[in-house]
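Protein chains in written order, with my numbering: chain V, 1 to 600; chain E, 1 to 175.
Honestly, the hints are just simulated from the structure, not real lab data. Here a beta-carbon is modelled for each residue, glycine too, at the ideal position from N, C-alpha and C. Keep in mind that the hints are not guaranteed to be accurate.
To give an idea of the chain E side of the interface with chain V (calculated C-beta under 8 Å), a few residues [as the list claims (entries may be wrong)]:
1) D22
2) N23
3) D78
Selected chain V positions facing chain E (Cβ under 7 Å, derived; list incomplete) [claimed, not checked]:
4) H145
5) T199
6) N328
7) K329
8) H400
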Amino acid sequence: MASTDLKENKASDDEQTGTAMSGAQMILKALTDLGVDTIFGYPGGAVLPIYDEIFKQDKIKHILVRHEQGAVHAAEGYARTTGKPGVVLVTSGPGATNAVTGLTDAMLDSIPLICITGQVARHLIGNDAFQEADTVGITRPCTKHNYLVKETEHVPDVIYEAFYVATNGRPGPVVIDMPKDVQIEKAEYKRSGHQEHRTYRPQVDGDDAALRKAARAIAAGVRPIIYSGGGIINAGPEASELLTEFAKMAGIPVTSTLMGLGGFPASDHQFLGMLGMHGTWEANHAMHDCDVMLAIGARFDDRVTGRIDAFSPGSTKIQVDIDLSSINKNVAVDIPIIADAASALRSLIKIWKEEKLSANQPPLVAWWDQIERWRMKNCLSYTDSDKMIMPQKALERLQHHIEGKQAIIATEVGQHQMWAAQFLKFDKPNHWLTSGGLGTMGYGLPAAIGAQIAFPDRLCIDVSGDASFQMNLQELGTISQYNLPVKIFIMNNEYMGMVRQWQDLSYDGRRSHSYSDSLPDFEKLAEAYGIKGMSVEDPAKLDETIKEMIEHDGPVLLDCRVAKIENCFPMVPAGAAHNEMLLAGDVIDKPKDDEALAVV
Amino acid sequence: MDGANMKEIGPIARHTISVIVDNEAGVLARVIGLFSGRGYNIESLTVSTVDTAHETSRITVVTSGTRMVIEQIKAQLDRLVPVHKVADLTIEGDYVSRDLALVKVAGVGEKRVEALRLAEAFRAQVVDASRDSFVFELTGAANKLDAFVDLMSELGLVEVARTGAVALARGSDAL
Ligand SMILES: Cc1ncc(C[n+]2csc(CCOP(=O)(O)OP(=O)(O)O)c2C)c(N)n1
Ligand SMILES: [Mg+2]
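My request is simple: use the sequences and hints to build the entire structure.
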């Protein structure tokens, strides 16, 4: 138990030491000293002492969400756009369990978060006390690390350490479980002054010999490719600049995972688009046929590789990752490099220049010719209609209207997410918020809120689906309360479109429970929250409506009624190889369902 | 999905892995949760503090898997925040590994005499005796213990308690 016999008489000339503070005061002081400006949270009995301290100060802004899951996703959106860790505060029991989906999401997408959970008083732990949950037990597998603070004097050190752990190495969420009596009890505020963690020291710089070997292998490649992932974003904007510099000096095509979009400019000719299940024809074919692959900050996820034994069969694989466990997990690599993406790219550039490797490169003309032939397939083409808004068209027009505006885009999960990844263009990192690893419906709206809080003047859009939107729609209340000018662009196809697509392709069109029955009137729903609601279903009105949405000074919900039965292509079917991709109009006949084809 | 099965199909080998961890609450749960969560096997797992300050604990885990799975297990262990060191004794040179077993045998007459005679041959200690039972204590490599328990099963074996393996690399170096 914590020592309560304080040295209160100790001179308070040094503010850092000798001052008796409650655990709750310590939390606020440590967070303030660490530069935290925003907390996303929701109060409850077990965090009342912390809320009381929040009330008494004005350095840290608290954003009240409407559900704890929303708090965590908002913190993810904040973290992903700013590069700083997001901070969450929730109460014990149901507050903590409601946060679990968000924590798991952050774990899988390597988002740095600190989540402070209230806990029942120490002497009640294990007694099934009111609103007691074994938070450290429940969150152990879905956090990078977690703490139960048992001694008040440890509060400052634990908070500093949690920040270190969340942001160093492969980032991730960290939970700090704070018993209520620890929040109340007074102790001396002191930092032990130790390194940020006693032993945890992730390797940042790669092995020089391996990096040299990698640079030479890339230079020797006749069909080289860079496959970049979310690690580029996590490594900071500099990593994106270095990636661009390296790809340019080597003249190599770049493809990106869903999580890595924006790490390399989409408008650059060397960018092949996203790879994987709904990746482009050119990206997937280039991955399949390449002779040397530089995977950087990417983890060979099953949505990326397709059938694993047919994945890029003839290539020398170089993998740069900060997490040793990501290397050789799914795919055997030839040159593993444990390093931070920015550090590794800096070294590769240096070695490339030093060894004048451009001079050693074989001509890549034939490779680029081949890539151009793949590009000519025009794999994202679709049949437009003047009777209904095609979802691809909606996103093409959205892209047109946000061009050059540095918009931050969040998405939910489903077809609209994949279309957004295909049709929206990201030239910079930190502008794209999506749930990649966990695929969490309901992520986008709160994530857009978090981004908007971080960047009040930027255009923040949640590209949403009719089903996903309903998973966290209570956050309309948060948007309204803080008058956040978030734009909600619901691609309403009246279906859980992605589920329906799979049912049509794999279950003979038996659309079991994938129809979005009893949808609310989204326009009116927005209005009920005091938010401007709009809708559009006539393709002729699409442009003016999107323009009005963007230009409106304040939050808008646009119910964009799109074609109901449209499949997302290209598609690598389950269990197929990259070069067995399906395109629109290929192989699968659309079900002839006139009613379903009609627009709402 | 079962982590131990979805990987390359290669020969499955048994590995003894030493893990040095911070001696803090929940660290064992983290290690065990990692094995169960990712579908790795645990054949045995032992843990105890090993320094006088009680700051670190040593976990010895015996597991099995293909080469890729074993590499994954080590990498996954290594990235747990309170883990300091991970060593695969099986591939890092010679090592000694010992289990301790307590074996209770009940019987009278011929069988009782035979049990005692075999215990001597195995250098087992008698740590408890009654008129119709013994508890033997035996240390050794796992297969020696297996053999002893096997023999006792015909001589009135009642129950067995075993520690699982503890292991150290041979030679003068520490982990
Ligand atoms: C929380 C959660 N539950 C279920 C799923 C499975 N799922 C994936 S996509 C999808 C449908 C999404 O529908 P909608 O938001 O309307 O998007 P659309 O595919 O129609 O664009 C579902 C149910 C999920 N990803 N997340
Ligand atoms: Mg839908």
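Comparing the hints with the structure gives:
Below 8 Å, beta-carbon pairs count as interface contacts, and D22 of chain E has one with chain V at about 7 Å; its hint therefore holds. With a cut of 8 Å, the hint placing N23 of chain E at the interface with chain V is violated, because the nearest CB-to-CB distance is about 12 Å. Annotation: interface hint on D78 of chain E holds; nearest CB of chain V at approximately 6 Å, less than 8 Å. The beta carbon of H145 of chain V is positioned within 7 Å of a beta carbon in chain E (closest approach about 4 Å), and the interface hint is therefore held.
This hint holds: T199 of chain V has a C-beta 5 Å from the nearest C-beta of chain E, less than the 7 Å allowed. For N328 of chain V, the interface hint holds, since its Cβ comes within 7 Å of a Cβ in chain E; the closest pair sits about 6 Å apart. Given hint, K329 of chain V at the interface with chain E, holds; its Cβ is 6 Å from that chain's nearest Cβ, closer than 7 Å. Violation of the interface hint for H400 of chain V is found here, the shortest Cβ-Cβ separation to chain E being roughly 42 Å, above the 7 Å cut-off.
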